[in-house]
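Colleague: Same order as they appear, the protein sequences are chains A and B.
The first sequence begins at 1 in the working numbering and counts up by one.
The second sequence begins at 1 in the working numbering and counts up by one.
Hints in this document: simulated from the structure, not taken from any laboratory.
Honestly, I wouldn't trust all of these hints.
The list treats identical chains as interchangeable, and a pair is accepted whether it falls inside one copy or across any two copies.
What the hints assert, rightly or not - The calculated DSBU-like cross-link candidates involving lysine-lysine, where the alpha carbons are at most 30 Å apart (straight line), are:
| id | residue 1 | residue 2 |
| --- | --- | --- |
| 1 | 470 | 301 |
| 2 | 147 | 301 |
| 3 | 323 | 121 |
| 4 | 5 | 121 |
| 5 | 5 | 477 |
| 6 | 317 | 147 |
There are 2 protein chains.
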Amino acid sequence: MADLKLPSRSEDFSEWYNQLVLRAELADYAPVRGCMIVRPYGWALWENITAQLDRRFKAAGHVNAAFPLLIPQSFISKEQSHVAGFSPELAVVTHGGGEKLEEPLVIRPTSETIIGHAYAKWIQSYRDLPVLINQWNSVVRWELRTKLFLRTLEFFWQEGHTAHATFDEAEAETRQMLDIYTDFAVNEAAIPVIPGKKSQSERFAGADATYSIEAMMGDGKALQAGTSHNLGQNFAKAFEIRYLDQGGALQHCWTTSWGLSTRFVGAIIMVHGDDQGLILPPRLAPHQVVIVPIFKNDEEKTLVFETAKKIREQLIKAEIRVKVDEREGQSPGFKFNDWEMRGVPLRIEIGPKDVAKGSLVLARRDKPGKEGKSFVSQDGIAESVTQQLAAVQRALLDRALAFRNTHTFEPKNMHDFQTAVEQGFARAYWCGDASCEEQIKEAAKATLRCIPLEQPGAAGACIFCEKHAKEMAIFGKAY
Amino acid sequence: MADLKLPSRSEDFSEWYNQLVLRAELADYAPVRGCMIVRPYGWALWENITAQLDRRFKAAGHVNAAFPLLIPQSFISKEQSHVAGFSPELAVVTHGGGEKLEEPLVIRPTSETIIGHAYAKWIQSYRDLPVLINQWNSVVRWELRTKLFLRTLEFFWQEGHTAHATFDEAEAETRQMLDIYTDFAVNEAAIPVIPGKKSQSERFAGADATYSIEAMMGDGKALQAGTSHNLGQNFAKAFEIRYLDQGGALQHCWTTSWGLSTRFVGAIIMVHGDDQGLILPPRLAPHQVVIVPIFKNDEEKTLVFETAKKIREQLIKAEIRVKVDEREGQSPGFKFNDWEMRGVPLRIEIGPKDVAKGSLVLARRDKPGKEGKSFVSQDGIAESVTQQLAAVQRALLDRALAFRNTHTFEPKNMHDFQTAVEQGFARAYWCGDASCEEQIKEAAKATLRCIPLEQPGAAGACIFCEKHAKEMAIFGKAY
């Protein structure tokens with residue numbers, strides 16, 4: 001498959017994406033419409049994502065648990081906004097064990113309700129708070145338009161659910177998790193993100209406030225890459241999650257929830273990829289280095305493999321994830337293309353001359369051709385590779401940031417605004433009025449992505465109604 | 001809760017188990033009948049189990065992936081024995097997104113069918129083989145009699161699915177995975193298991209051969225703790241999983257599947273626990289050591305906590321999982337009981353006198369009272385703890401093995417056989433005839449657990465019909 005060229009990104013970004021996901025063997029279509037199979041290479045990437053997030057969650061005092069995937073349908077209706085938001089998307093189990101169920105069950109679209117039910121049972125006193133639980137699982141939402149990783153009926157994610165004694169603690173948790181997502185996106189995935197608050201119309205169904213990290217894809221469109229919700233006392237009241245405070249009075253808890261999903265894999269693809277395929281950030285790549293042995297006959301092969309394995313051992317010792325491509329019957333050129341398609345950050349080429357000279361070729365995935373190649377000594381190879389991996393990681397972030405900067409505009413009127421959102425993000429003042437937001441959406445086919453936490457300080461005039469506006473917002477077309 | 005005594009194991013093993021699961025906060029009942037919530041402490045134990053298994057799977061060349069939880073109902077019917085085995089247990093989704101589905105979907109009870117469908121697409125040539133994929137997920141089977149961890153509608157597990165070019169390779173894989181389960185059970189969970197082959201009547205629905213590891217619980221009953229199936233060409237034929245061999249001929253693949261589930265948590269509880277609660281094998285325990293500070297006033301508290309934290313740092317450096325119990329307002333006695341209930345293998349007590357003397361108390365969970373206590377120096381504490389953890393691990397395995405040995409009998413007739421299976425396992429010759437197996441089951445209310453791989457060598461007389469029997473089998477009452 002590696003010998004067929006991908007469609008070019010600039011010509012057909014959407015088709016480039018679809019084909020790349022299949023050809024890099026990240027995922028495949030399932031027999032049920034809108035579902036996906038995450039193939040081993042895609043899952044290895046997701047495992048690295050989960051490891052980096054899980055480490056951060058645990059360092060911040062969270063623990064993991066598992067709640068059931070089946071929820072009584074009546075639970076969904078207990079929180080008013082929640083039912084409105086989710087009931088059109090439910091998958092409903094009506095039969096079990098050959099019999100019709102008395103009450104239909106739904107496959108969780110998210111777990112606030114069933115977790116709320118459990119917390120009501122577990123939490124009695126202020127001593128039981130805070131409860132800081134996360135779970136890694138999959139959820140089902142009956143989406144009509146689907147796209148691998150970006151929007152699928154079933155998707156994989158983590159959902160954190162916490163309960164606190166006060167509003168302030170819940171808000172601090174909500175913001176802490178947004179910070180953790182931001183830190184993860186920037187420092188592990190090399191994706192610059194804008195942390196901000198959602199407008200009321202874009203809030204999670206049942207939240208008092210929703211925060212998100214928004215990333216710009218390679219086509220200038222926005223992707224919501226993680227969300228953190230302050231649920232106020234909405235679910236606590238719907239599910240009677242209460243505690244006795246230190247004075248002996250019964251109080252409702254304040255809860256939060258936050259999630260990041262396999263969508264994020266889509267973000268990595270669309271931010272870093274190029275016409276040759278994926279480019280994976282070294283900190284998350286399943287293979288950070290691939291070694292391609294080059295030889296013409298058995299004698300050369302023996303020599304080259306011996307060196308390749310020696311190099312591999314040194315890299316493994318330095319905790320570098322390395323693979324030697326030992327496939328028979330494929331040319332080095334085929335292998336180069338194949339690993340470029342799969343986005344391995346560094347390639348090492350070793351031929352008979354390299355063996356003789358004690359050298360090898362290091363090729364960076366992010367810099368095509370000669371520019372990305374260096375000839376280095378086999379001595380101290382782990383050090384050279386570590387440096388190069390760090391350089392690739394940094395370069396990917398720099399490039400993504402530069403791209404976002406050149407594709408972010410500050411239009412002064414709605415005409416410029418429309419041009420801006422065709423190419424990228426529009427940063428514009430907004431008066432806070434939902435009707436302005438709605439009319440902007442209709443006029444420019446772009447949504448308010450978030451109100452960034454970082455604000456210019458000064459006030460301005462609303463891009464739509466020109467009235468006094470205290471806050472700057474980010475608008476864009478979105479996935 | 002820790003101040004209430006558990007029912008005694010000898011008086012009511014089943015109720016001891018139920019209460020222990022709840023009071024150690026391993027799991028809780030979900031609002032849907034037969035489903036469970038795995039609470040953080042139980043999930044941390046499961047995470048340690050998964051880490052140890054996953055490490056072994058990957059070392060043997062397997063990779064992880066994720067297949068969807070929704071399967072077209074028609075898939076289940078494609079393999080004749082499979083549909084007979086699983087159709088009575090299915091949960092059926094009939095509605096999605098507010099509409100009735102054209103074809104009902106089932107929630108996976110196991111994934112042979114959907115994975116078979118994918119393999120048929122992915123596998124073309126002998127070069128694509130073997131395919132060695134595992135997935136960590138949950139499955140749903142509509143069980144009528146449920147018990148936390150042991151049998152629940154939804155349970156968590158791993159399911160490995162492999163495809164090979166030949167019968168021999170598939171059989172080698174099936175046996176390799178059985179070996180891996182055995183090694184894990186013995187060396188991580190301190191549970192002696194009997195690896196063996198299932199009789200035809202106890203095979204997995206769709207398998208040519210099923211192997212299992214069988215463990216003896218603390219009440220003498222058997223628990224099937226992991227299974228490995230040689231599926232022959234049954235699923236390959238049902239799903240057209242084929243490859244072109246080196247000679248250019250189209251061949252059906254040979255497939256296997258193997259799984260180990262959260263049942264295993266039940267095994268750990270029932271093999272090692274005592275009347276005070278859980279006893280967790282150190283290699284899997286979420287907390288290997290708990291430090292309980294003992295003090296009477298603030299001055300003592302400051303001193304004791306300082307030492308406790310110093311000890312904690314040293315243990316963390318040695319990669320020991322340690323927790324300091326800093327709870328306010330609870331007596332040391334309460335804390336001792338609480339951590340005994342939760343089965344933490346080692347307790348460290350530090351009081352003001354210990355601070356003064358540079359010593360501390362180490363108490364082993366598996367040896368009650370003075371026998372399990374030692375007074376050790378704070379110097380070299382990591383070394384002392386490491387040794388003690390290894391000693392507990394070894395002692396648990398020895399004790400479980402001794403228990404199994406004293407509860408395994410070699411009855412010479414059916415009268416003794418019946419007495420044997422009331423107390424534990426019966427090792428007896430079996431002629432291989434399914435009708436003998438069935439009659440034994442009716443007469444003694446015990447099932448053939450497995451035909452152990454390790455056989456006495458000599459032949460004997462069938463325990464039931466007294467005809468010539470080549471193989472010895474293990475019989476027992478089972479969970």
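Colleague: So, for every hint listed, does it hold in this structure?
Modeller: Here is what the structure says about each hint:
no., hint, in the structure
1, 470 / 301, "neither (68 Å within a copy, 51 Å between copies)"
2, 147 / 301, "neither (43 Å within a copy, 58 Å between copies)"
3, 323 / 121, "between (49 Å within a copy, 26 Å between copies)"
4, 5 / 121, "between (57 Å within a copy, 22 Å between copies)"
5, 5 / 477, "within (28 Å within a copy, 61 Å between copies)"
6, 317 / 147, "neither (39 Å within a copy, 46 Å between copies)"
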